[in-house]
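Chain by chain, the residues run as shown.
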Amino acid sequence: MIRKKGITRNIRPLEILSEEQLESIHKNTLDVLENTGIRFESDKALKLFKENDCNVDMEKKIVRFPPWLVEECLRKCPSSFIVKGRGPRSDVRFGGNMSNFLPFPGKDTIDLETWEPRTPTRKEFYDTVKIMDALDTVHYTGSYVPWFGFKNTPAVMQMLEGDAANFRNSTMPLHCNYGNDCEVFAIRMAKALGAVNLGVVAISPPLTYQEDACISAFRNIEAGFPLYIQSGPTYGATSPVTTAGATVTNNAELMGGVVLAQLIKTGTGVLVSDFGFTQNMRSGYPVFGRIESSMHQVVFNQIWRRYKIPIGNHSTGVSNSKRIDYQCGYEKTISLMLSLLSGANEIGYHGCIYGELSFHPIQLILDDDVAATIGRFLQGVEVNDDTLAIDVINQVGPIPGTYLTEEHTRKWWKNEQFIPKSSDSLTYLEWMEANKKDCIEYAKDRMEKILQTHKPEPLSDSEEKAIEEILSEAREFYRKSGKISDKEWEACKEDVNSAGYPYY
Amino acid sequence: MGGIVNMSDTISSLKESIITYNRNLAREMATKAIGEGIEPNDILAGMTETIRKIGDDFGKGELFLPDLVGAASAMSEAISVVEAEIEKSGKEIEKIGTVVLGTVKGDIHDIGKTMVKTFLVAENFRVIDLGVDISSERFIEAIEKYNPEILALSALLTTTIAEQNRIIEVLKDKGIRDKVKVIIGGAATTQEFADEIGADGYEATAARAPRLCKTLLGKE
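Which chain is which? The protein sequence lines are C and V, in order.
For the first sequence, the positions run 1 to 504 when my numbering is used.
For the second sequence, the positions run 1 to 220 when my numbering is used.
Hints may be right or wrong, so weigh each one.
As the list claims (entries may be wrong) - Here are the simulated EDC-like cross-link-like pairs (lysine to aspartate or glutamate), alpha carbons at most 16 Å apart as the crow flies:
no., chain 1, residue 1, chain 2, residue 2
1, C, 414, V, 67
2, C, 60, C, 43
3, C, 421, V, 62
4, V, 214, V, 203
5, C, 414, V, 62
6, C, 411, V, 67
7, V, 95, V, 137
8, V, 60, C, 43
Unchecked claim - Derived CB-CB ranges, DEER-like:
no., chain 1, residue 1, chain 2, residue 2, range
9, V, 84, C, 454, 31 to 39 Å
10, C, 91, V, 108, 47 to 55 Å
11, C, 419, V, 91, 44 to 52 Å
12, V, 19, C, 393, 41 to 49 Å
What the hints contain is simulated information worked out from the structure, not anything from laboratory work.
Everything numeric in this text was worked out from a predicted model, so none of it was measured.
Note that the Cβ used here is the ideal one computed from N, Cα and C, for glycine as well.
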């Protein structure tokens, strides 16, 4: 098993706020937390806040926070922490100047001829996890990755079936979602494999934590797992339309979660994730890939780096295009560049096309090149006696001297140059002889090669048995509780009993 | 027996010097091989085998230009030692043919020409590389001195390809046009241009130069 290494930023981060602006956002965020407060729809959470000097309105479920408590809890969050997949070299550290990537999920796959969405099959799901496992720039995975689910899976089981596929076909750690008590089974799966999940808690903006999000926080922290708290407003709808105002509500929401995490257990690792979007002021739908999300994230990254808490950016991975095309490429790349330059530690990026609605393995492979290209930029410029090459410059001199034959060139060129794996690097002549292939066709070739050659580390027999038992128990649990319909149950049984299950 | 082992050890080291692009070691091992009495043509054959493998790996995308050129550069060092020895002994060098190669006057582009040289050497051609910015007079001198079957003219620029035409005209004026086959190449050249100026051959990539030369010599 080869350890996957995150991208290291060796250059100064991009900052667009002045110290004065930063302080103003911070102070006003504390004011919102103290005066407006956050709604927590969980009696267990409300009770905990009340016991710890917060002003709690039990009836309206509003918690108002003393500024000192918020600042104390921000200080108590570790500046970095580790999650773990299965196996000895599967750990991923979030924090510092490292950036780690998670594929960005989509509900459906797409047909590359018609560009229309459709539900993926179980085989497509498992194959795509295998591809993710093979790519150097995909560092961890998670619930609903790569797709929300696959054919013949009951809706309530989609997250767990996906988690199982990720555990089976990759060794990477998972960020695990919640809902309908799924997190109970997800935690058990991780424990059976010795993994440490990143437990997801999603905020419902503006300023609200629903009950299942609070329960997820308690359950994951009690399991010893760090939290991934995410706020995803639509500017002008669920947050103020201005970047400054949206940053205040976003940060207030996340700080409420930080306080909850530290009150449940001091020292719990927290990753705060930004997931905001522009609103289409004609349709009311979020519109993806717009520059406002990046402005928001650059500001967000600057502020949370000051708090020394690991930062996630999730507005980066999406486009509003329905195709793998120029719009998709520029929207995703611009936002990724800005996120990485401004110091995001965790980024949802690879594979997604339109919003959270479509994902394709070809896009996943193309995004591997984009992530690695920007990663190369972040390595920065090495300046030392060897890279300055004064001796070689002196030796080669003017024309007809050439550096091509120099040992220095052979030693350094691969370090200096990043070669994308799926881009067209040919001359016109070579291109015509190669049937005018484009990057999508190169990515297809790479996909085929990975599927033929990459063998994910298999689960041991006992691990496989444990995962299947947990899935089986969950299916029975949801069937008995009426959350799986008769029709879903028949399809599910057919799937589970078919030849080749679960891998194909 | 010991002699044979040493012989092969020296040839192995010579091959290794090409693979590791070590010019000094290449020269040293070629000198040592001659000192050990190894047949010069056998030394050349050993090197040709190595550079052909490097050319193949380059063609497959496993090696890159700095590797190819580095290997060629190391090999050139050794070749000069071995050829001097052959010349001294009055023996013939066993080659498919001799190619005089250079980039034309006014053009200082070296890389494509060096690649052509590497591929030709790998296919057992004797290559006289005159360098870059070469005048028609120097090409004529080289033809008289080395008596090559092929004259290979490289030009990258649209402003310098006319010089390829001019050299052909000079060959005609001197009455030696029929002595050599003229091939042209370089980014700005095309088959149409080659036909227009009356060149004997054209290829768009360096890797195809050996095939073109063999065809022209009727050796394929």
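Against the structure, the hints come out as follows:
Of the supplied pair hints, the one linking residue 414 of chain C and residue 67 of chain V holds, its CA atoms being roughly 11 Å apart against a limit of 16 Å. This hinted pair checks out: residue 60 of chain C and residue 43 of chain C have alpha carbons roughly 11 Å apart, not beyond 16 Å. Taken as a hint, the residue 421 of chain C and residue 62 of chain V pair is honoured in the structure, with Cα atoms around 13 Å apart against an allowance of 16 Å. Between the alpha carbons of residue 214 of chain V and residue 203 of chain V the distance comes to roughly 13 Å, so the proposed pair stays at or under 16 Å and holds.
Under the criterion of a C-alpha separation no larger than 16 Å, the hint pairing residue 414 of chain C with residue 62 of chain V is consistent with the structure, at around 13 Å. Annotation: proposed proximity of residue 411 of chain C to residue 67 of chain V holds, straight-line Cα distance about 10 Å (limit 16 Å). The suggested pairing of residue 95 of chain V with residue 137 of chain V is violated, with an alpha-carbon distance near 26 Å, which exceeds 16 Å. With a C-alpha separation of about 66 Å, the suggested pair residue 60 of chain V and residue 43 of chain C falls outside the 16 Å cut-off, and the hint is violated.
Residue 84 of chain V and residue 454 of chain C have their C-beta atoms about 53 Å apart, which leaves the hinted 31 to 39 Å range violated. For residue 91 of chain C and residue 108 of chain V, the Cβ-Cβ distance of about 54 Å falls inside the hinted range of 47 to 55 Å, so the restraint holds. The hinted range of 44 to 52 Å is satisfied by residue 419 of chain C and residue 91 of chain V, whose Cβ atoms lie roughly 45 Å apart. For residue 19 of chain V and residue 393 of chain C, the Cβ-Cβ distance of about 27 Å falls outside the hinted range of 41 to 49 Å, so the restraint is violated.
Consistency note: the structure conflicts with the earlier hints numbered 7, 8, 9, 12.
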